[in-house]
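Undergrad: Line by line, the protein sequences are chains A and B.
Be aware that the first sequence starts at 1, since it is given in this note's numbering, and climbs by one per residue.
Be aware that the second sequence starts at 1, since it is given in this note's numbering, and climbs by one per residue.
It is possible that part of the hints are untrue.
[What the hints assert, rightly or not] Dumping the calculated DSS-like pairs for lysine-lysine here, alpha-carbon to alpha-carbon at most 27 Å:
1) A:K111 x B:K216
2) A:K111 x B:K215
3) B:K330 x B:K221
4) B:K216 x A:K125
5) B:K230 x A:K47
6) B:K221 x A:K125
7) B:K233 x A:K47
8) B:K215 x B:K337
9) A:K55 x B:K230
10) B:K41 x A:K111
11) B:K337 x B:K132
[Said to hold, decoys possible] Label pairs and their computed distance ranges (CB to CB):
12) A:D57 x B:I70: 53 to 59 Å
13) B:K337 x A:A106: 33 to 39 Å
14) A:V33 x B:N279: 44 to 50 Å
15) B:S369 x A:A41: 32 to 38 Å
16) A:D57 x B:K337: 19 to 25 Å
17) B:I284 x A:P115: 31 to 37 Å
18) A:M112 x B:T107: 45 to 51 Å
19) B:F243 x A:F59: 24 to 30 Å
20) A:D98 x B:S369: 26 to 32 Å
21) A:I107 x B:T214: 27 to 33 Å
Hint data in this document are derived by calculation from the structure and do not stem from the laboratory.
Ideal Cβ placement from N, Cα and C applies to all residues, glycine included.
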Amino acid sequence: MLAVVESVSIGESFALAGVSMSIIMAVLASIMVLIYLMSGAFKLIDKHNPALKAKIDAFFSKKKNNASEETVTVQEDNKNIATARGSCGNIVLNNVTDREAAMIMAIVADKMQTPLNELRFKSIKLVDDKNLDK
Amino acid sequence: MDIGQIFVDLAKGSGFAQLGIQWQNAVMIILACFFLYLGIKKKFEPLLLVGIAFGILLTNLPQASDADLIFHPEWWTGDEAVKHGVNYLNVLQHGGLLDILYIGVKTGVYPCLIFIGVGAMTDFGPMIANPKSLLLGAAAQLGIFTAFILAIVFGFGPSQAASIAIIGGADGPTAIWLTKSLAPELLSAIAIAAYSYMALIPIIQPPIMRLFTTKKERSIKMEQLREVTKREKIVFPIMVTIFCCLLLPSVAPLLGCLMFGNLLKECGVTERLSDTAQNALMNIVTLFLGISVGATAQASTFLTFDTIKIVVLGLVAFSLSTSGGLLFGKLMCWLTKGKINPLIGAAGVSAVPMAARVAHSEGLKANPSNYLLMHAMGPNVAGVIGSAVAAGILMAVFG
Numbered sequence: 001m002l003a004v005v006e007s008v009s010i011g012e013s014f015a016l017a018g019v020s021m022s023i024i025m026a027v028l029a030s031i032m033v034l035i036y037l038m039s040g041a042f043k044l045i046d047k048h049n050p051a052l053k054a055k056i057d058a059f060f061s062k063k064k065n066n067a068s069e070e071t072v073t074v075q076e077d078n079k080n081i082a083t084a085r086g087s088c089g090n091i092v093l094n095n096v097t098d099r100e101a102a103m104i105m106a107i108v109a110d111k112m113q114t115p116l117n118e119l120r121f122k123s124i125k126l127v128d129d130k131n132l133d134k
Numbered sequence: 001m002d003i004g005q006i007f008v009d010l011a012k013g014s015g016f017a018q019l020g021i022q023w024q025n026a027v028m029i030i031l032a033c034f035f036l037y038l039g040i041k042k043k044f045e046p047l048l049l050v051g052i053a054f055g056i057l058l059t060n061l062p063q064a065s066d067a068d069l070i071f072h073p074e075w076w077t078g079d080e081a082v083k084h085g086v087n088y089l090n091v092l093q094h095g096g097l098l099d100i101l102y103i104g105v106k107t108g109v110y111p112c113l114i115f116i117g118v119g120a121m122t123d124f125g126p127m128i129a130n131p132k133s134l135l136l137g138a139a140a141q142l143g144i145f146t147a148f149i150l151a152i153v154f155g156f157g158p159s160q161a162a163s164i165a166i167i168g169g170a171d172g173p174t175a176i177w178l179t180k181s182l183a184p185e186l187l188s189a190i191a192i193a194a195y196s197y198m199a200l201i202p203i204i205q206p207p208i209m210r211l212f213t214t215k216k217e218r219s220i221k222m223e224q225l226r227e228v229t230k231r232e233k234i235v236f237p238i239m240v241t242i243f244c245c246l247l248l249p250s251v252a253p254l255l256g257c258l259m260f261g262n263l264l265k266e267c268g269v270t271e272r273l274s275d276t277a278q279n280a281l282m283n284i285v286t287l288f289l290g291i292s293v294g295a296t297a298q299a300s301t302f303l304t305f306d307t308i309k310i311v312v313l314g315l316v317a318f319s320l321s322t323s324g325g326l327l328f329g330k331l332m333c334w335l336t337k338g339k340i341n342p343l344i345g346a347a348g349v350s351a352v353p354m355a356a357r358v359a360h361s362e363g364l365k366a367n368p369s370n371y372l373l374m375h376a377m378g379p380n381v382a383g384v385i386g387s388a389v390a391a392g393i394l395m396a397v398f399g
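Bound conformation, chain A alone:
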């Protein structure tokens, strides 16, 4: 426990400010190093133990896949549902959840400075970076 400082001269305040700023810089730089170490460690694990990587990826992507499956089901169900009055029709979502699609549509409308109900979206598709490289 540090002793409580009750009075500080102007000179001491300069020293205190310098020391405190150095501590903050050191703490955040240490976190930066920790992040690099963490990322490096994960890369090493993935490189030397692909089976474990596949297992972990499967665990984390389980939830995402479930969401995508739900999206597809909703679309298929929607085929037989009449569209609302004023609606431009249906939209095809490829590997995109309803929530993501809504956000993309809102961003596009905002960027174009056009009301959302005056735009027609035909499809939204998740483009994988790996496919782009090919």
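With chain A's structure known, arrange chain B on it following the hints.
TA: Leaving out everything else, chain B in the frame of chain A:
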């Protein structure tokens, strides 16, 4: 029975009669209405400013008897409370509504609960993808310590100077958390200054950005960030909590809560808790925090020359923090041979996501195809950690 006398007594006992005697209260009521105008009409941090302004209004409406008071500042900052500590039994038995709500401020519970909500709403992905942005978040704390020196020069005590300086961190809950312990008598002025400057970021920051950077620097396009895996996002809050709380135990309440909230969001198995932290909890605590902080702004403590000095020092702290981030951004730009846009340094002040948005919009003005938002989010969330660490250091030294 003298009917006339009854009317005279009623008139004398009314708040209107007291208002004539206590003119300072009338000034505070006008001030509260002005803050309400800023919050409602100008939308300056309305979620908190409206609550704070209404708290000011309630606490400055004159009451004829002590029993009617909704808040008793002397119970919290009076000589008796300073010497022997707050008598919580008395507060619970005889306190007004705002006395009861103020317990959450005095014990530091509200700012920590808000940090759980902030953590649950924050995506540390951009920062993990570009860890160098942590250095920008650190550099943007420069204003805190420069304002500390200036506050000492202006004649404030060290604890008061530390509380005023933290305004430069542009983080309302952190400012409240530190001030409630170090200088509770300045709480209302500091909270109002901190939230006002956070709301004024789009006005304060752009001129400073243009002053410190050239158009060529503002036009720099940054490389796309790498994808951050889910497990990195899960390990990060646990790792930071262990490291920082072991290194600086005084940051545990704020940083621990921030990282706990983030873990709720990222771990994927506590969606209900994450949702509650982001919405219901955050809203309830914001409601209580705003109104109880506003209640501390009583005429006797608020209408002083010190309040003006705090407002000026807060602005200086905030501007210097922005400048510190920008200058470090320029240094990193030079070191990386133009791969980092210095504008993202200004987002190192922890007002999330407003500061990142301002950096993004300034980048867009310089180059219409320049999208800096995700790059600026890195220093922005690093700034939250930086200001929490700064508060922890000041608490360890002066608390």
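Undergrad: Now look at each hint and say whether the structure bears it out.
TA: Taking the hints in turn, this is what the structure says about them:
Pair hint A:K111 plus B:K216 holds up; C-alpha atoms about 24 Å apart against a cutoff of 27 Å. Our distance criterion of 27 Å between C-alpha atoms is met by A:K111 and B:K215, whose separation comes to about 23 Å. Distance check on the hinted pair: B:K330 and B:K221 sit about 14 Å apart at the alpha-carbon level, within 27 Å; holds. For the proposed pair B:K216 and A:K125, the alpha carbon gap of about 35 Å is over 27 Å, so the pair is violated.
The hinted pair formed by B:K230 and A:K47 meets the criterion: a straight-line CA distance of about 17 Å does not exceed 27 Å. Between B:K221 and A:K125 the alpha-carbon distance is near 26 Å, which keeps this suggested pair within the 27 Å criterion. Taking the CA atoms of B:K233 and A:K47, the gap is about 20 Å. The hint holds against a cut of 27 Å. This hinted pair checks out: B:K215 and B:K337 have alpha carbons roughly 16 Å apart, not beyond 27 Å.
Restraint check for A:K55 and B:K230: the C-alpha separation of about 13 Å stays at or below 27 Å, so the hint holds. Proximity of B:K41 to A:K111 is assessed by CA-CA distance (about 25 Å); at most 27 Å being required, the pair is judged to hold. Between B:K337 and B:K132 the alpha-carbon distance is near 15 Å, which keeps this suggested pair within the 27 Å criterion. At about 57 Å, the CB distance of A:D57 to B:I70 agrees with the hint of 53 to 59 Å.
Distance hint for B:K337 and A:A106: a CB-CB separation of about 37 Å, consistent with the stated range 33 to 39 Å. Against the hinted window of 44 to 50 Å, the Cβ-Cβ separation of A:V33 and B:N279 comes to about 35 Å, which falls outside the hint. Taking 32 to 38 Å as the suggested C-beta distance range, the pair B:S369 and A:A41 conforms, at roughly 37 Å. At roughly 35 Å, the beta carbons of A:D57 and B:K337 sit outside the given window of 19 to 25 Å.
Between B:I284 and A:P115 the CB atoms are about 35 Å apart, so this pair conforms to the stated range of 31 to 37 Å. Distance hint for A:M112 and B:T107: a CB-CB separation of about 49 Å, consistent with the stated range 45 to 51 Å. In this structure, B:F243 and A:F59 meet the distance hint of 24 to 30 Å, their C-beta atoms being roughly 26 Å apart. For the pair A:D98 and B:S369, the supplied restraint of 26 to 32 Å holds, since their beta-carbon distance comes to about 30 Å.
The hint said 27 to 33 Å for the Cβ distance between A:I107 and B:T214, and at roughly 30 Å that hint holds.
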